[in-house]
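Model the full structure from these sequences, guided by the hints.
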Amino acid sequence: MTDAVHRSRLVPPGARAVPLDDPAAAGAALTARVDGDPLALARLVAAVEPLRASDAVVATDADAEVERFLAVLAVLDGRAALPAYDLDDPRLKWRAPAGVRAVPNRPDAPGAGGPA
Amino acid sequence: MSAAPAAPAAVRLPAGRHVFDLAPGRPAVMGIVNTNPGSFSDTEHLADLDAQLARALALVEAGADIIDVGTDSGVTYGDSVPLDQQVRAAVPLVEALVARDVPVSIDTPFAEVAAATLAAGACMINDVSGLADVRIAAHCAAHAAALVILHTRVAHKQEAFLDFEDVVADIEDLFEERTALAVAHGVTRDRVVLDPGLGYSKHPRDDVALLRAYPVFAARGLAILTGASRKFFTGVITGAAPADRLPETLATVAAVRPFPGFVRVHDVGAVRTYLDAVART
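Chains as they are written, first to last, in numbering that gives the first Met the number 0: chain U, 0 to 115; chain C, 0 to 280.
Calculated from the structure, these hints are not laboratory results. Be aware that a few hints might be false.
[What the hints assert, rightly or not] Listed next, with one range per pair, are the computed distances between beta-carbon atoms:
#1 C/16 - U/89: 22 to 32 Å
#2 U/22 - C/91: 53 to 63 Å
#3 U/86 - C/18: 34 to 44 Å
#4 C/98 - U/20: 23 to 33 Å
#5 U/90 - C/187: 37 to 47 Å
#6 U/86 - C/60: 36 to 46 Å
#7 C/278 - U/53: 19 to 29 Å
#8 U/32 - C/132: 35 to 45 Å
#9 U/88 - C/132: 43 to 53 Å
#10 U/32 - C/185: 46 to 56 Å
[Said to hold, decoys possible] Here are some of the chain U residues that sit facing chain C, going by a computed Cβ distance under 7 Å:
#11 67
#12 70
#13 86
#14 89
Even for Gly, the Cβ is constructed at its ideal location relative to N, Cα and C.
What follows is the structure, encoded as structure tokens:
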């Protein structure tokens with residue numbers, strides 16, 4: 000799976016995920032090895048979902064991914080706030096392929112000249 | 000609101016010669032295949048019909064219930080593909096899928112593309128303009144096809160983050176107005192699908208607000224389509240880059256799963272696996 004660079008930017012209230020070798024894994028409600036398999040991750044988050052508002056610990060090698068799943072749900076559930084954001088953050092946006100020019104908005108387009 | 004909306008009921012959606020029985024908790028999965036080279040989320044361009052058909056059939060094998068064929072990316076860099084080129088690329092793919100009894104939706108704001116692909120057997124038009132061109136409704140009516148009405152206040156290929164005073168009220172207003180418009184042009188109400196337009200002309204805060212308002216949208220008794228894949232607002236929460244948002248996509252699907260409709264995703268296999276797993280719990 001992905002490395003820790005993409006770990007959640009917030010730690011929401013509710014369930015949390017820890018690496019398999021974390022001392023907290025000893026008391027985990029769920030333990031699962033994903034081995035980079037997206038289908039295994041899908042099965043794991045399906046099992047995690049009912050625990051999202053609990054204080055359960057999930058021990059997995061996909062702890063960063065599970066934390067991200069939980070973080071999005073925490074915001075949508077209203078248990079955590081949407082973090083401050085920058086609409087032009089280049090790390091978060093799809094970029095045009097090299098050499099492809101941007102098409103300017105029409106002058107009369109709604110929001111033209113705005114932050115986009 | 001004076002009272003909480005009732006729990007969503009199942010929706011039966013006729014679409015061409017197909018019927019989708021959409022139950023709460025069991026959204027249908029819409030897989031994405033683009034015939035154009037511009038889509039921002041394609042990791043590789045499917046250059047010819049064989050590659051596009053192979054991808055579509057692989058998505059069906061992975062669990063897609065319907066294939067959404069994109070003919071012109073909505074990205075705001077790069078020009079539109081000429082209409083005749085969009086039609087030439089899409090029609091053979093539609094015909095090949097229809098011959099295999101695969102339901103096909105067409106992601107387009109263009110009436111010319113809608114007309115040609117409906118004639119080729121597409122059963123749904125995913126109008127990403129929110130019915131800016133009413134001819135699309137008339138074409139859908141002529142083919143008894145379903146029509147997706149997406150909420151946006153910005154024209155195709157225009158980028159903007161609008162300041163909605165009340166985004167949910169604006170979505171409700173558009174759904175009311177455009178559904179009536181579609182019906183006035185011959186689309187039966189039960190063939191209308193509503194898409195709140197996650198990420199379309201909206202701030203991340205609006206995306207969060209609209210996802211929390213799904214009970215309101217579902218109270219209309221129509222199917223809801225959610226473009227749930229790799230959305231910007233989820234990147235705001237987790238910091239993940241666009242191509243690496245499978246957990247975020249799954250969380251978005253989890254949020255809309257209680258409401259009958261479709262989830263439009265790139266990661267069909269993982270989403271199908273997730274939905275099957277939660278259905279067993």
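Comparing the hints with the structure gives:
1. Restraint check, residue 16 of chain C to residue 89 of chain U: a C-beta distance of roughly 46 Å breaks the suggested window 22 to 32 Å.
2. Roughly 59 Å separates the CB atoms of residue 22 of chain U and residue 91 of chain C, a value that falls within the hinted 53 to 63 Å.
3. Residue 86 of chain U and residue 18 of chain C have their C-beta atoms about 41 Å apart, which keeps the hinted 34 to 44 Å range intact.
4. Remark: the range hint 23 to 33 Å for residue 98 of chain C to residue 20 of chain U is contradicted by a beta-carbon distance near 53 Å.
5. A beta carbon spacing of about 45 Å between residue 90 of chain U and residue 187 of chain C agrees with the range 37 to 47 Å that was offered as a hint.
6. About 38 Å separates the C-beta atoms of residue 86 of chain U and residue 60 of chain C, a value consistent with the hinted range of 36 to 46 Å.
7. Checked against the hint of 19 to 29 Å, the C-beta distance between residue 278 of chain C and residue 53 of chain U comes to roughly 21 Å, which is consistent with it.
8. At about 51 Å, the beta-carbon gap between residue 32 of chain U and residue 132 of chain C misses the expected band of 35 to 45 Å.
9. Separation of residue 88 of chain U from residue 132 of chain C is about 34 Å and departs from the stated range, judged on CB atoms against 43 to 53 Å.
10. A C-beta distance of roughly 55 Å is found between residue 32 of chain U and residue 185 of chain C, which places it inside the suggested range of 46 to 56 Å.
11. Hint status for residue 67 of chain U: holds, given a least beta-carbon distance of 4 Å to chain C, under 7 Å.
12. Hint on residue 70 of chain U holds. Least Cβ distance to chain C is approximately 5 Å, under the 7 Å limit.
13. The restraint placing residue 86 of chain U at the interface with chain C holds, with a minimum CB-CB distance near 6 Å, inside the 7 Å limit.
14. Evaluation of the residue 89 of chain U hint against chain C yields a violated restraint, the C-beta minimum of about 10 Å exceeding 7 Å.
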